[in-house]
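Enquirer: So you can see what is in the structure, the chains are spelled out below.
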Amino acid sequence: MDLDQCVDRALSHLDETVHGRFAANPLEVLRNDLSLKVKGVDHLADRRDDGGACDGLSFLQDGVILYAPTPNSRRENFTLAHELGHWLVEQTEELYDWLADQDDPPNAREMRLFSGFSGACSDLLVVYGG
Amino acid sequence: MTKHERDEVLANLLEARAGWVTGKDQPVLREEDRAEVESLIEVADLLWEAGHGAPPLESDPVAAMLGLTPDPRCALNPKALTRARKNIRLKPSELADRLVVRGWDVQIRDVFRWENQSAADIAPALIKAIAEETNTSVDRLTKSRKATAEHEEIATVTRSPRFERLVERWARIQGVSRALAASALESRMLATVHRGDRPDADQLMQSIDALVTAVESGVSRNGP
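From first to last, the protein sequence lines stand for chains A and B. Here the first sequence stands for residues 1 to 130, where the numbers follow my numbering. Here the second sequence stands for residues 1001 to 1224, where the numbers follow my numbering.
Treat the hints as calculated values from the structure; they're not laboratory data.
Stretch by stretch, here's where chain B covers chain A in the computed footprint (C-beta under 8 Å, at least three residues):
1) 37-49
2) 82-92
Away from chain B, derived, C-beta distances all over 10 Å, residues of chain A:
3) 1
4) 3
5) 15
6) 17
7) 20
Every residue gets a Cβ at the ideal spot worked out from N, C-alpha and C, and that includes glycine.
Modelling step: build the complete structure from the supplied sequences, incorporating the hints.
Expert: Here you go:
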């Protein structure tokens, strides 16, 4: 299985209409279609003493996603797409097996996969005008 | 009812509840006395449980002897686990399945986390099971536990009074003991996934607060 197949396999958990609506309104899809508890929290948007930035954070076990709110920005949409990626991996067991067998460092391989999700969602944003 | 009579009634009721045959007729109580007696029995039950119940796992010396609580001196080595698993061509899902067969509550996401995020909360008994399933030794799978930035951040959070209050709320929502709630919230901090840098101690604390609030409210439509 290659990266594109992984992305396709994961995205198959969402039907076509949901793809379109995610591009137009990611928050609504995460909350209503996927029944996740999604909340914008200022503490992720605040500047950190060490200069680091954490834009989104998921407690998958509890279906809770927290994100730094920057309304209607590409940054916010990509953060939500990234957190959707974590959720999709959770739904697609073989992706964990695939990720674990890649030779590049863990962060790099996850970034490749999530870039794949974000890329796919980015395409959708263009296609659906999000 | 005099104090002596009330003590007598209570003793009879407690004996009857414990299943002892007393041969005495159970007294018929007035409504006000019944309420008082019931509340006293509830207190008696709680006191009995406090005196006889099992201690929380992490402070139970027997659990420690059985290897069911994480060892403060050594921990599962993520790289060694990956190496051992790959050596015998086992997928994370297959390792998880094998551990489940042994009675451990393990999912594929857990194996992935142990290899890629943190394995600090793994008990020695589980490490032994992993070693057996990956045809290696416990020594090869473990390393001495060193303070990492991640563990320092989590320790900073767990030492704070605010965390204690969150533990109390989590225990109430989930209907579990405080010790179990504390352990669950700590595991959540280890298992969280994120975009960008790892959350710092302050962000972790506020995120755990937001998690507890979200689960407490059970509302999926929180506004930004």
